[in-house]
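Start counting the sequence shown at 7; every next residue gets the next number (the numbering used here).
Treat the hints as calculated values from the structure; they're not laboratory data.
As the structure is a computational prediction, the values presented were derived from the model and not from experiment.
Think of the CB as a built atom: it goes at the ideal place given N, C-alpha and C, for glycine as much as any other residue.
Certain hints may be false.
Unchecked claim - Ranges between beta-carbon positions, derived for each pair: (1) Glu112 x Thr68: 44 to 50 Å; (2) Phe116 x Ala201: 16 to 22 Å; (3) Cys180 x Thr129: 16 to 22 Å; (4) Thr90 x Ala145: 38 to 44 Å; (5) Ala74 x Gly128: 24 to 30 Å; (6) Ala74 x Glu112: 39 to 45 Å; (7) Ala201 x Ser147: 39 to 45 Å; (8) Leu150 x Met184: 30 to 36 Å; (9) Gly106 x Asp153: 24 to 30 Å; (10) Ala74 x Arg179: 21 to 27 Å; (11) Ala63 x Ala127: 23 to 29 Å; (12) Leu150 x Ala43: 26 to 32 Å; (13) Thr90 x Thr129: 22 to 28 Å; (14) Ala186 x Gly128: 22 to 28 Å.
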Amino acid sequence: MTGEFVRQLPDDDGTVTLVGVVHDHPASVYRVRHVLAAVDPEVLALELPPISLPLFAQYAATEETPPALGGEMSAAIQAADAATVVGVDRPTGGFFRRLGRTLLRERPPFETVRTLGTRIAGTTTHALVCLAAAGVAAATSVRLEVDAPTPHDASWTDAPADQASHEREQVDRCRSFMDAFRTASRSRASRIEDAAREASMAARLRDLRGDGADASPSSASTTSSRWRTAWTTPPSDPARPRRRRGYDGRVRTRDPTGTTGQRTGRLPAEYGRPTPA
Numbered sequence: 007m008t009g010e011f012v013r014q015l016p017d018d019d020g021t022v023t024l025v026g027v028v029h030d031h032p033a034s035v036y037r038v039r040h041v042l043a044a045v046d047p048e049v050l051a052l053e054l055p056p057i058s059l060p061l062f063a064q065y066a067a068t069e070e071t072p073p074a075l076g077g078e079m080s081a082a083i084q085a086a087d088a089a090t091v092v093g094v095d096r097p098t099g100g101f102f103r104r105l106g107r108t109l110l111r112e113r114p115p116f117e118t119v120r121t122l123g124t125r126i127a128g129t130t131t132h133a134l135v136c137l138a139a140a141g142v143a144a145a146t147s148v149r150l151e152v153d154a155p156t157p158h159d160a161s162w163t164d165a166p167a168d169q170a171s172h173e174r175e176q177v178d179r180c181r182s183f184m185d186a187f188r189t190a191s192r193s194r195a196s197r198i199e200d201a202a203r204e205a206s207m208a209a210r211l212r213d214l215r216g217d218g219a220d221a222s223p224s225s226a227s228t229t230s231s232r233w234r235t236a237w238t239t240p241p242s243d244p245a246r247p248r249r250r251r252g253y254d255g256r257v258r259t260r261d262p263t264g265t266t267g268q269r270t271g272r273l274p275a276e277y278g279r280p281t282p283a
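Based on the provided sequences and hints, a complete structural model is requested.
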């Protein structure tokens, strides 16, 4: 059992499960779906702004498995039998409060504040675009693709071991890049924003677990390998009925001709499994 891509954090109130992914990678989508099937959370928390969530929920509302749009986020929504789905990423009130306190405490120069403002305006605008696209889709049944999927040299038709190997190469490349530029070129604005962002997401997860609900957050903590999917499940309760899950454990595959098939079987070790609590 590997803890590299799947990490569980047990507590008296429940267990938070974090799942690391490479955005839009087929191996990561596969991992998210299978871990959700194993963990069965009551709350799914995604590394998405709350106002962007309706768009990804629409992406997930399709008979295609996994959804063609929305990557691992919509795949998680589709696979989860969660009573609640929430977004925990900025912009949120918690993020802005932490950011404001940091700025008051550190008093960074105007150039840093201006860079922060530009970065936050960009992410907020994108979240609003997602909200608007969801509104258009709800009113007209026209599905809008806000972001093009990240291209990868791996597809559903590749063998699971090949998909996992390619994903590993992507993670190693990302870590090498971040390690090389972490201290040399990482701006103060980026550091301040990341600190406020991660603290606000972690606090949201603590709140979800403290409420006594099973929470399943996607990307509760951000690391170089991108922890995008996390959820919390409550302590084991023999009286708690098991919900019937719509996902049957199978992953449909797409080939270059556009036809679909199904890949079945147990999750290969290369994809990562939950670390025993």
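field: Numbers of unmet hints, in rising order
entry: Violated: hint 4 alone.
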